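**Q** Residue strings, one per chain:
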Amino acid sequence: DAGITQSPRYKITETGRQVTLMCHQTWSHSYMFWYRQDLGHGLRLIYYSAAADITDKGEVPDGYVVSRSKTENFPLTLESATRSQTSVYFCAGRRGDAGNEQFFGPGTRLTVL
Amino acid sequence: AQSVTQPDIHITVSEGASLELRCNYSYGATPYLFWYVQSPGQGLQLLLKYFSGDTLVQGIKGFEAEFKRSQSSFNLRKPSVHWSDAAEYFCAVGPSNDYKLSFGAGTTVTVRA
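Residue numbers (my numbering), protein chains in the order written: chain A, -4 to 108; chain B, 200 to 312.
If you're looking for bench data, these hints aren't it; they were derived computationally from the structure. Everything numeric in this text was worked out from a predicted model, so none of it was measured. Certain hints may be false.
[To be verified] Below are the DSS-like pairs computed for lysine-lysine, each with C-alpha atoms no more than 30 Å apart in a straight line: (1) B:Lys248 with B:Lys267; (2) A:Lys52 with B:Lys260; (3) A:Lys65 with A:Lys6; (4) B:Lys260 with B:Lys248; (5) B:Lys299 with A:Lys6; (6) B:Lys267 with B:Lys299; (7) A:Lys6 with A:Lys52; (8) B:Lys299 with B:Lys260; (9) B:Lys299 with A:Lys52; (10) A:Lys65 with A:Lys52; (11) B:Lys299 with B:Lys248; (12) B:Lys299 with A:Lys65.
All chains, full assembly: derive it from the sequences and hints.
**A** As structure tokens, this is what we get:
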């Protein structure tokens, strides 16, 4: 148990719709991350957060928005979903006293039709 | 910039045989190195990590990895594979002074009876 839950686990939406993926952590991770996993690309960082109200872009941020008003929640919003955003999304957390080790949630499989 | 290459996309191994997964990284200094495993439909679980010290690192589930600075490699090994080791394996690298990880594209391991 990495102390990170994601919801929903599966989501189907349509092009142009807004969708929010939730991430909740119970381990007091200071840093939190959102990745997308696509075949042949491994995991690519979308956004990360160092603390509440501190967020920054990762490798592939276009089309995504994040917020972190509370330390334990880190939602990812697709403002207008596109088919290219069909992917598996992972939320991860890093505890400040654990080197650079990240702990992962179970993932959300998102399909955009 | 840091990067990770996993040269083998897919490996098939017989149960009881040995397994070696290759990982090469590009980074200017000594990085933090990680191996994660992802079982079907699951999130990523940390197998082992290298920060410093002994270059042969022991992990969970009977895995080990060896850091070779001269070859910029961090290969994962297991002497005798079990059917439950069928999964996708990711190598990741991160700098010691940063919190972001770069992941390889992954190697899928199939175990045949």
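**Q** Compare the distance between the alpha carbons of Lys260 (chain B) and Lys248 (chain B) with 30 Å, and conclude whether the hinted pair is satisfied.
**A** 14 Å, holds
**Q** Given the hinted pair Lys52 (chain A) and Lys260 (chain B), is their alpha-carbon gap at most 30 Å?
**A** 35 Å, violated
**Q** Under the criterion that the straight-line Cα-Cα distance not exceed 30 Å, is the pair Lys248 (chain B), Lys267 (chain B) satisfied?
**A** 14 Å, holds
**Q** Tell me if the straight-line CA distance from Lys65 (chain A) to Lys6 (chain A) falls inside 30 Å.
**A** 24 Å, holds
**Q** Is the straight-line distance between the alpha-carbon of Lys299 (chain B) and that of Lys248 (chain B) 30 Å or less?
**A** 15 Å, holds
**Q** CA of Lys299 (chain B) to CA of Lys6 (chain A), is that 30 Å or under?
**A** Within the cut-off at roughly 27 Å; holds.
**Q** Just to be careful, I want the Cα atoms of Lys299 (chain B) and Lys52 (chain A) compared with a cutoff of 30 Å; is the pair within it?
**A** Holds, at roughly 11 Å.
**Q** Hinted pair, alpha-carbon criterion (30 Å max): Lys65 (chain A), Lys52 (chain A). Please report holds or violated.
**A** 18 Å, holds
**Q** With the threshold set at 30 Å, check whether the alpha-carbon distance from Lys6 (chain A) to Lys52 (chain A) stays at or below it.
**A** Satisfied, since the Cα-Cα distance of roughly 24 Å is no more than 30 Å.
**Q** Given the hint that Lys299 (chain B) pairs with Lys65 (chain A), does the C-alpha gap stay at or below 30 Å?
**A** 21 Å, holds
**Q** Going straight from one Cα to the other, do Lys267 (chain B) and Lys299 (chain B) come out at no more than 30 Å?
**A** 22 Å, holds
**Q** Straight-line Cα separation of Lys299 (chain B) and Lys260 (chain B) no greater than 30 Å?
**A** Distance of about 26 Å is within 30 Å: holds.
Consistency with the previously given hints fails for number 2 only.
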